[in-house]
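A.B. asks: The lines below spell out each chain.
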Amino acid sequence: MKNTIAERIQDFLKEFPPFSMLEKDELLMISGQIRVMYLEKGTYVFEQDQSCHDEFYIVREGAIGLYRTTKNDQDLVDICDSGDLFGLRIMIIKKDYRMSAKADEESIVYAIPSSIFKPVIDENREVNKFLLETFAAHARNYYTETEKGDRIDNTISIDTAKDLSTLRTISYRKKPLFCQPTSIVKDVALQMNTHKVNSIVVVDENKYPLGIITDSDLRAKIATGLFSSGSVVTEIMTTPVKTYSKKLTIAEAQIALIKNSISHLCITKDGTRNSKLVGVFSNHDLLVSFGNNPSVLIKEIKRVKKIQRLRYIRKQVQKLLETYLEQDIPTMHILNLISEINDALVVRTIEISLKEMPSPPPVKFSFLVLGSQGRREQLLITDQDNAIVFEDVRKEDYELTKNYFLELARQITKGLHTIGFEYCPAEMMASNARWCMSLSEWETQFKGWMTSSTEESTLLSSIFFDFQLVYGDSDMVNQLSNVVFDGVNKSNRFLALLGVNALQKPSPLGFFKQFLVEQNGEHKDTFDIKTRAMMVLIDSARILALYHNLKGINNTLLRYETLAELEPNNKELFESCAKAFRVLLKFRTRQGLIHKDSGRFIKLNTLSKKDKLKLKRCFKPIKDIQELLGVRFQLKTFM
Amino acid sequence: MSLWSRKRDKEFPDFWKDYLSLFNNNYQKSPIESVRFVAFDTETTGFDYLDDRILSIGAVAINRLAIDVPDQLELYLEQDVFNSDTVEIHGIRRNNNFKVVSESEAIESFLKYIGNSILIAHHADFDRRMINKALQRQGLGELKNKFLDTGSLFGKTKHPVYRSYRKHTHYSLDELCDDLKISKSDRHTASGDAFITALAFLKIIVKLKIDKIDSVSILF
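Residue numbers (my numbering), protein chains in the order written: chain A, 840 to 1478; chain B, 12 to 231.
Please note that a few of the clues may not be correct.
As the list claims (entries may be wrong) - So these bits of chain B aren't anywhere near chain A, every CB distance computed over 12 Å:
#1 35
#2 41
#3 42
#4 63
#5 89
#6 113
#7 135
#8 145
#9 155
#10 200
As the list claims (entries may be wrong) - Which bits of chain A does chain B cover? Going by a derived footprint, with three or more residues having C-beta under 8 Å, they are:
#11 851-865
#12 1076-1085
No wet-lab data here; the hints were simulated from the structure. Everything numeric in this text was worked out from a predicted model, so none of it was measured. Positions of the beta carbon are idealized from the N, C-alpha and C atoms, including for glycine.
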């Protein structure tokens, strides 16, 4: 019997794994058995803690968000778009849903009955593997949320699940602690404590595993007084243990842990209980094997073919950032990592945009990022500031060349916007004809800024002089920075003008040592941490870097560190500036993550006393550096 | 009249009697999510109720407010009347290589399939008349099912002001697809149009802010 609808569904499904792995007839049969659901934005396909539906899902159109609800929060775990599977739990453990699936935009979803797909899984090893992988990729997120509140988010994508090679075999603890069945709990606990491990395996005379004692056993059975610490281990051990061979893959290990809701697996020689213990694989090992590795993200970025996917990765980066901040990883290190990722995102966007252009670029060009991204200080995703420099061409070719790069820039900025870098409200983007110019035009522009003294020229130069090449030709960029430093060397007047600008930034504190809040506008009664605190530090660092001819150092922290070396008598001040900047940057980033914005405007009433003190401590160096600038460039005469 | 009717009654086939018996229950109060809808479309040799014939019928059910692909019907009919002008549009040729059935077989399958479900079609009047003509040719009565027309339902989603601007109140299926962002990949096959009509229905319901627990009567 002809079945047009099933055929159309098959046409779609066959493009996506695991359906792409099936024979045509089999797939047509499955296609004839699905349900097509239409979901308006905000509707749930299923909700957390609901019992599993007897079907799983593939997104046909739109986007389904997977959310994990904790006490008061709803965390986005993953976004499934066209071709992504979700709700696979039914195929694997048939327990209640651990996440909610909600339409993030209007969506069409195909529901595939589990009963139809079961036989396929049983027969087709490839499909089986794929589903385990996908499930593991989704499950990973909630799974890594341990009781202690540790959180390592690592859901990247189905593709990356493979990239992370969860199919690789586990690396387990090869010398597990073990003890005899006659051992006393207290001794065993002491042993665990000395070795700083959270489990010990009870083995018989052949070293076959009998049971396991973990931290949670000690907590639940000894600390509660249920058993005394003088008990024999067999009284409190968990038995029997789950045993596996060392050929277990990471994905399989993860499923095994989830399925049995246990925290440890015993690895034995042949994988059975009647075989020698060779190791232990725990929750923790699982986390380690996922590796919270930014290089994985960068690798993923380089492989991505669609801008949409980059957007998704950028969201993952945000989570990575949260984790880093929680773990108090050094700011400089975080800055480097995030900048690296941001650069990779921009580069990939440019590469994709270039592919979409009808022809390759007519001449060499450089794509520059400016402002905070140029200074490599952009932790939160903010506006995009960028520019294009292209090689000088013959007059008659100029129009065509410029138009080419403007079109390219439009593609790029659009792509960046999709990823989440908002358009710059001031149009400081390469797609603006003003900021997409030939090398000699840029030189003229830079010289112009340095000799004029309008407010606009100081503002623009402070943004454009922190440029950083991310893609293209580096010679032209070097030439441009030479223009800047030559200009500075010829006269200090330009620096003085920049200095005045830095000094005019209002002080963060008022007469009564109160925070100065914004008087009006959208951000009334908030504290503008960027303008009032960070900008002064940034501007001062830039002026002093120009003063010392520090080429190629754009980062504010690096600038202060270098300045401290160059001017030992001001070492303390520069170091305190660097420290203040670090604190402010972290502070702003945290605020931004909490409020899901740029973190720039801080509501004072949401700050704790401790936070306020912390902020105030940063203001002293701001005042000091302003004074230093004032003296050095005799700014009083300008003001 | 009664004598005539009784005589005819005897001749009615069982499937027709079964069909009629389904309409004793009134499900007007049932929540929408519990009701079976059947979206269908007929492709015909032309637009003349008398002379033209049904080439194919495509239908798909909506159960629990989702398109239930296994619950579908796709019929191709044997042709005596054949209008070569419309063949181009529909891509159905006489004696095509897939299975064809006689009109009477088609009618029987169709009635068994639809039962007392609410029927949904785009410009439903046309499809209803074509089916009724076929029923008449088989010596049977007219369809008893409730009908919904996606064309007029869609009109309800438009603001009254907009409606008053429009010269005509008919929305073509193509217009519907554009407005509701439905892919038009399978236009002009009966099953393809039936599927599109079903999807349009689901989208329109959302637009009209109708809840799955509202009673069916709200649609009429």
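A.B. asks: Which earlier hints can't be squared with this structure?
C.D. replies: 10, 11, 12
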